[in-house]
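Note that the protein sequences, when read in sequence, are chains A, V, W and C.
The first sequence begins at 0 in numbering that gives the first Met the number 0 and counts up by one.
The second sequence begins at 0 in numbering that gives the first Met the number 0 and counts up by one.
The third sequence begins at 0 in numbering that gives the first Met the number 0 and counts up by one.
The fourth sequence begins at 0 in numbering that gives the first Met the number 0 and counts up by one.
Accuracy of the hints is not assured; some may be wrong.
[Said to hold, decoys possible] Using 20 Å as the maximum straight-line C-alpha spacing, the simulated SDA-like pairs for lysine to any residue come out as follows: (1) C:Lys214 - V:Asp64; (2) A:Lys77 - C:Pro199; (3) A:Lys77 - C:Ala81; (4) V:Lys154 - C:Gly123; (5) A:Lys16 - C:Asn1; (6) V:Lys77 - W:Lys157; (7) C:Lys138 - W:Met142; (8) V:Lys123 - C:Leu92; (9) W:Lys228 - A:Pro54; (10) C:Lys167 - W:Lys228; (11) C:Lys167 - V:Gly53; (12) A:Lys4 - W:Thr226; (13) C:Lys147 - W:Gly137; (14) W:Lys138 - A:Val163; (15) V:Lys60 - W:Asp198; (16) A:Lys77 - C:Pro193; (17) C:Lys147 - V:Arg86; (18) V:Lys120 - C:Ala81; (19) W:Lys147 - C:Asp136; (20) W:Lys157 - C:Pro199.
[What the hints assert, rightly or not] Derived CB-CB ranges, DEER-like: (21) W:Lys44 - C:Gln224: 53 to 59 Å; (22) C:Asp16 - V:Asp17: 52 to 58 Å; (23) V:Asp17 - A:Pro118: 53 to 59 Å.
[Unchecked claim] Incomplete in silico selection of chain W near chain V, CB under 8 Å: (24) Gly110; (25) Ile113; (26) Pro199; (27) Pro205.
None of these hints come from the bench; they were simulated from the model.
Note that CB positions come from ideal geometry on N, CA and C, so glycine has one too.
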Amino acid sequence: MALDKNQIAQRIAQEIKDGDYVNLGIGIPTLVANYIPSNVNVILQSENGLLGIGPFPTDDKVDADLINAGKQTITYVKGAAFFDSSRSFAMIRGGHVDLTILGAFEVSEKGDIASWKVPGKMVKGMGGAMDLVSSAKNIIVAMQHTNKGQSKILKNCTLPLTGVSCVKKIVTDIAVLEVTENGFKLLERAPGVTVEEIINSTEGKLIIEGEIPEMKF
Amino acid sequence: MALDKNQIAQRIAQEIKDGDYVNLGIGIPTLVANYIPSNVNVILQSENGLLGIGPFPTDDKVDADLINAGKQTITYVKGAAFFDSSRSFAMIRGGHVDLTILGAFEVSEKGDIASWKVPGKMVKGMGGAMDLVSSAKNIIVAMQHTNKGQSKILKNCTLPLTGVSCVKKIVTDIAVLEVTENGFKLLERAPGVTVEEIINSTEGKLIIEGEIPEMKF
Amino acid sequence: MNKVVKNVYEAIDGIADNMTLMVGGFGLCGIPENSILALSKTKIKGLCCISNNAGVDDFGLGLLLKNKQIRKMISSYVGENAEFERQLLSGELEVELNPQGTLAERIRAGGAGIPAFFVPAGYGTEVAEGKEVREFDGKMHLMETALKADFAIVKAWKGDTLGNLIYKYTANNFNEVMATAGKITIAEVEELVPAGELDPNSIHTPGIYVQRIFKGENYEKRIEQITIKLS
Amino acid sequence: MNKVVKNVYEAIDGIADNMTLMVGGFGLCGIPENSILALSKTKIKGLCCISNNAGVDDFGLGLLLKNKQIRKMISSYVGENAEFERQLLSGELEVELNPQGTLAERIRAGGAGIPAFFVPAGYGTEVAEGKEVREFDGKMHLMETALKADFAIVKAWKGDTLGNLIYKYTANNFNEVMATAGKITIAEVEELVPAGELDPNSIHTPGIYVQRIFKGENYEKRIEQITIKLS
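With these hints in hand, go ahead and build the complete structure from the sequences.
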């Protein structure tokens, strides 16, 4: 069974280590916050200028001056710090954020990522994605393995790139992949998904060594 | 009569306009603060991280965490702001300080300044002087016109430079000079000092047009 | 040293056709509502606006877009505005997209007297087109250049009569950095206090950067996506 | 996420021969007294210290100089120290002098992932030797490169258990910027409070930059030049 968005988020949450500073992109990555175990202390960075994102506010705590990078109202945790955009991206560019989790349209076997522009569609802009992917110590992509039957795990990206040779790991609806020098190494399968199904859904070079375990939740 | 240090400072104080943000160097420039008329509102910048230097503290107000760039204890005025060194020099380099007043060993007719290093003597370092002279909108130098009979107002500086083509005006113990494209333009004489004495004390090209007034205090 | 202006019209006095403006805010958060509204009531046109986003159809910079007062936007993300899309596709509007961190750093550089600097963001992408590429420590970087503006317009939470500013929470965003890069910086604030009332250790924008300041009125503070926890 | 260390010795654990350290402070103002004193009691030598100044003979970095623990200083002004002068003239000590603003910006760049940038300071002087020169907007600039350190050691007024720091007055100086540029940043603070007690709008150093924090003891806070107004 392919994973749903929440399950992808849940699997990615397992990658987060105690003490990590993490930037969560818009979409599935935002959901990751819901699955971080309570014994894992994590501080979430919001590139619009906050270290220490808290849960969504209750109705009476909504503050227009307190939003995340997805422009949703949020709260902040104890020990949070606010700063301006230049300092926020100095933090990101300087490699101080341990882990960046973001979505993508395509990833190549070299770790290139395309996530911001689809020719023929309105260009909305790259926002902070190019800064994040070019500087993060560790980048995990949350995405669908295929789109209308077409693989999005490719030899080369077909869409305009967001960054090159930067993605370290990918969690899709059917597999966990590591980007290595030799191609995508298959680490785990979604429960009930066969290796053959993953092979058939992957255009880029796939490395399969030994038994591939199912994801555990 | 040549001016003493306090008189040089007093004359320079006349150059300050209401609303100016001013950086005062160590030595004579620091004394300028004593002569700013009370109807002229000026904010003094200290490159170690303060906008809004106040007077020296009374005995009971001395605070080791509150010093100027000369490492003297100071106070701060109402409406002051503190910031770190990178932001302080961003302010300086960005040209936001209206006027920089500093001392010098030598100034050349091109506006070059030498103020930090004397061969054969212990090199203490340039501190913030190179940053200040390369970026200030307006630079006034406070200095002695001669040293042991040798002019310090030169065709070319002989000592290692602090900056090139940057000095706009010089107030010495005997004259006020403007640095122009064609040389030092004599603007004023110290009370009782003759134009001839200034000519004899100046090695660089001196431009004398019409009657040269005495400085007024 | 009188920086306090009577009202928003005095604040925006001097802004003219074809000028470059920086306008603070991220989405609709922390935007200088009063100044934008006042500009939308003028005939000023041909503006180049440096702003992370372009507002929504009927609020923020969307008001100036609707009036066709903007010739060019320099932004990182412009997705929430149908009129914007129409003008872009019709060729009426020029857009330069920058990675958000590069945009912020170019503005900082403009304020800090740094004409150019190197960043990794955008290497190998279309952002790199026409830019100098250089390797440092085995990693490829692009040379990016400083941005300045004729006027920077920012919104702060608290300000004093000397122009010192403090921003609230994530309403800081591009405001603090933009305040440093305007030839003239206009600050509209929710609270205007006498000099000396703000903690000097907690100033975000020292007054040296602000030429005009006024207390804004009737802040709507519209929220793009109200998300709440049901508890 | 436990950043609070027991004492200064745990804080400096891992600092080893020939490492590069950044040490905050301007003159003797805002220096990490506890950490320097502790280092002076170790056998660690061959250090490259990036610090605006070099202390005085018997305080601050002067303590490490006296023990010959420092191989190289990167500073802007080093004038208050006779032992320093002796070692420099004898060739025991290497010194690299940077304009103060360039030094601060190189450190910021190190923390901000900017490998190189252009500044006007030092053009036409001996500081320019060996550096790339480039003209921007009719003005000559030097290319300067980023500085990083194995350890950055800073002193703050207040800190919390997550490493957020607030500096007091001009004791901030190089501390805030250096905190961003250490692979490991050690913060000693006068007051250590639980996370949540500092105003999140007033943090100078967000905790992400600080790996170890402790409450310092017995601050002497020596003053180089006490100047008072007789009133």
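Against the structure, the hints come out as follows:
1. Taking the CA atoms of Lys214 of chain C and Asp64 of chain V, the gap is about 17 Å. The hint holds against a cut of 20 Å.
2. At roughly 9 Å between alpha-carbon atoms, Lys77 of chain A and Pro199 of chain C fall within 20 Å of each other, so this suggested pair holds.
3. Using a Cα cut-off of 20 Å, the hinted pair Lys77 of chain A and Ala81 of chain C is violated, with the two alpha carbons roughly 48 Å apart.
4. About 16 Å separates the Cα atoms of Lys154 of chain V and Gly123 of chain C, which keeps this hinted pair within 20 Å; it holds.
5. Taking the CA atoms of Lys16 of chain A and Asn1 of chain C, the gap is near 13 Å; set against the 20 Å cutoff, the hint holds.
6. Taken as a hint, the Lys77 of chain V and Lys157 of chain W pair is honoured in the structure, with Cα atoms around 16 Å apart against an allowance of 20 Å.
7. The hinted pair formed by Lys138 of chain C and Met142 of chain W meets the criterion: a straight-line CA distance of about 18 Å does not exceed 20 Å.
8. Taken as a hint, the Lys123 of chain V and Leu92 of chain C pair is honoured in the structure, with Cα atoms around 14 Å apart against an allowance of 20 Å.
9. At most 20 Å may separate the alpha-carbon atoms for a hinted pair to count; Lys228 of chain W and Pro54 of chain A meet this at roughly 7 Å.
10. The suggested pairing of Lys167 of chain C with Lys228 of chain W is violated, with an alpha-carbon distance near 38 Å, which exceeds 20 Å.
11. A C-alpha spacing of about 16 Å is found between Lys167 of chain C and Gly53 of chain V, which places the hinted pair at or below 20 Å, so the restraint holds.
12. Proximity of Lys4 of chain A to Thr226 of chain W is assessed by CA-CA distance (about 19 Å); at most 20 Å being required, the pair is judged to hold.
13. About 16 Å separates the Cα atoms of Lys147 of chain C and Gly137 of chain W, which keeps this hinted pair within 20 Å; it holds.
14. Restraint check: the Cα-Cα separation between Lys138 of chain W and Val163 of chain A comes to about 11 Å, which is no more than 20 Å; the hinted pair holds.
15. For the given pair, Lys60 of chain V sits about 18 Å from Asp198 of chain W by alpha-carbon distance, which is consistent with the 20 Å threshold.
16. The hinted pair formed by Lys77 of chain A and Pro193 of chain C meets the criterion: a straight-line CA distance of about 9 Å does not exceed 20 Å.
17. For the hint linking Lys147 of chain C to Arg86 of chain V, the alpha-carbon distance of about 18 Å falls within 20 Å, and the restraint holds.
18. A distance of roughly 13 Å separates the Cα atoms of Lys120 of chain V and Ala81 of chain C; the hinted pair therefore holds under the 20 Å criterion.
19. Proximity of Lys147 of chain W to Asp136 of chain C is assessed by CA-CA distance (about 13 Å); at most 20 Å being required, the pair is judged to hold.
20. Restraint check for Lys157 of chain W and Pro199 of chain C: the C-alpha separation of about 15 Å stays at or below 20 Å, so the hint holds.
21. For Lys44 of chain W and Gln224 of chain C, the hinted distance range of 53 to 59 Å is satisfied, since their beta carbons lie about 57 Å from each other.
22. Against the hinted window of 52 to 58 Å, the Cβ-Cβ separation of Asp16 of chain C and Asp17 of chain V comes to about 57 Å, which satisfies the hint.
23. At about 58 Å, the CB distance of Asp17 of chain V to Pro118 of chain A agrees with the hint of 53 to 59 Å.
24. Interface restraint check: Gly110 of chain W against chain V, minimum CB-CB distance 5 Å, threshold 8 Å, status holds.
25. Annotation: Ile113 of chain W was flagged as interfacial toward chain V, and the flag holds, the nearest CB pair being 7 Å apart, inside 8 Å.
26. At its closest, the beta carbon of Pro199 of chain W sits 5 Å from a beta carbon of chain V; the interface hint therefore holds under the 8 Å criterion.
27. Contact between Pro205 of chain W and chain V, as hinted, is supported at the beta carbon level, the nearest pair being about 4 Å apart and thus within 8 Å.
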